[in-house]
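*Asks:* Spelled out, the chains give:
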Amino acid sequence: NAGVTQTPKFQVLKTGQSMTLQCAQDMNHNSMYWYRQDPGMGLRLIYYSASEGTTDKGEVPNGYNVSRLNKREFSLRLESAAPSQTSVYFCASSIYFSNQPQHFGDGTRLSIL
Amino acid sequence: TQLLEQSPQFLSIQEGENLTVYCNSSSVFSSLQWYRQEPGEGPVLLVTVVTGGEVKKLKRLTFQFGDARKDSSLHITAAQPGDTGLYLCAGVVGGSEKLVFGKGMKLTVNP
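Listed in order, the protein sequences are those of chains L and V.
Everything in the first sequence is counted per the working numbering, starting at 1 for the first residue and increasing by one.
Everything in the second sequence is counted per the working numbering, starting at 114 for the first residue and increasing by one.
To be clear, the hints were calculated from the coordinates, so they are not data collected in a lab.
A portion of the hints provided could be inaccurate.
Cut-off 16 Å, straight-line C-alpha distance, at most; resulting in silico cross-link-like pairs (EDC-like, lysine to aspartate or glutamate) [unchecked claim]:
no., chain 1, residue 1, chain 2, residue 2
1, V, Lys211, L, Asp106
2, V, Lys183, V, Glu128
3, V, Lys219, V, Glu118
4, V, Lys219, V, Glu154
5, L, Lys57, V, Glu210
6, V, Lys211, L, Glu59
7, V, Lys219, L, Asp38
8, L, Lys71, L, Glu59
9, L, Lys9, L, Asp106
10, L, Lys9, V, Glu154
11, V, Lys219, V, Asp196
Just so it is clear, the structure is predicted and the values come from calculations on it, not from any experiment.
Next comes chain L alone, as it looks inside the complex (with noise of 0.2 Å):
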C-alpha cells in the first residue's frame, strides 16, 4: 500500500521556469492538500481540493496553481519559479475535508536558484 506519493523527490529550477510537483493516493481519499514547509514557520497550507473537482485556496497561494486531475490525483505547478518558493512542498490526503487525520507524502524538496 503505498499511501501517497510525490513527484519529484528532488528539483533544482532557475529562477522564472515553470514545474508541475505531482501527487497520487491510493486510500481513495476525498480530499487532498498541498503544503510548503520552511524553517522556523512550520507547514502551511498553499491549496487544497476538499472533494473531486473543487480546489480552494490555503494559507500562501500565490505563485501557484493546481489540478485535481481525478479523485487519486492532484497536481501543484509553479508558473515561474522565484527563489522565494525554495521549499519541502508535501501533498497530503484524507478521507474527508474537516477533522480528519491527513496522511502525507514524503515530501518534493526544490530549490530555485
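Using the hints, position chain V against chain L.
*Replies:* For chain V alone, coordinates are given in the frame of chain L:
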C-alpha cells in the same frame, strides 16, 4: 499571528529523561491532532483528541486535551533515541474546516 503556539521549539535530552511539549492557542478547537515527522519524511499522525479533558496514551506517549479545548500537551516518559523527530500539533478551529499546524518542536534524544 500564529494560531497554534508550540513550546519549547527545540529540546535536546538524554535517553531516559521525561519531557512535555505544549500546544497553546486562544481559539477553541473542535479537534486536535499530533504528528511526528522524521528527517526526509512526511508527518505521521500519532493521535487525535476531540473531547475536552481527554487523555490518550500511546506506549510511552501521553496526550492530553485541555478542558476548554484551547490547549494540548504531549508527555514522553523515558525518552529513547527513536523518539527523535519533529513533533507537530494541528487543530481545526470551531467554525472553520481547515487544519492549522503549529511550527513544531524539534526533539533530539541522545544515547
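*Asks:* Verify the proposed pairing of V:Lys219 with L:Asp38, using a straight-line Cα cut of 16 Å.
*Replies:* 14 Å, holds
*Asks:* Check whether the Cα positions of V:Lys183 and V:Glu128 lie no farther apart than 16 Å.
*Replies:* Not OK: V:Lys183 and V:Glu128 at ~31 Å, beyond 16 Å, violated.
*Asks:* Quick one, are V:Lys219 and V:Glu154 close enough, alpha carbons at most 16 Å?
*Replies:* 14 Å, holds
*Asks:* Please work out if V:Lys211 and L:Glu59 have their alpha carbons no farther apart than 16 Å.
*Replies:* 10 Å, holds
*Asks:* Need the status of pair V:Lys219, V:Glu118: alpha-carbon distance at most 16 Å?
*Replies:* With Cα atoms ~14 Å apart, V:Lys219 and V:Glu118 stay inside 16 Å; holds.
*Asks:* Taking only the CA atoms, is the gap from L:Lys71 to L:Glu59 under or equal to 16 Å?
*Replies:* Given that 16 Å is the threshold and the Cα spacing comes to 23 Å, the pair is violated.
*Asks:* Just to be careful, I want the Cα atoms of L:Lys9 and V:Glu154 compared with a cutoff of 16 Å; is the pair within it?
*Replies:* 11 Å, holds
*Asks:* Quick one, are V:Lys219 and V:Asp196 close enough, alpha carbons at most 16 Å?
*Replies:* Given that 16 Å is the threshold and the Cα spacing comes to 10 Å, the pair holds.
*Asks:* Sort out whether L:Asp106 lies within 16 Å of V:Lys211, counting only the CA atoms.
*Replies:* 21 Å, violated
*Asks:* Assess, step by step, whether the Cα of L:Lys57 is no farther than 16 Å from the Cα of V:Glu210, and give holds or violated.
*Replies:* Cα-Cα ~13 Å, so holds.
*Asks:* Is the Cα-Cα distance between L:Lys9 and L:Asp106 16 Å or less?
*Replies:* Holds, at roughly 8 Å.
Hint violations for this structure: numbers 1, 2, 8, all remaining hints satisfied.
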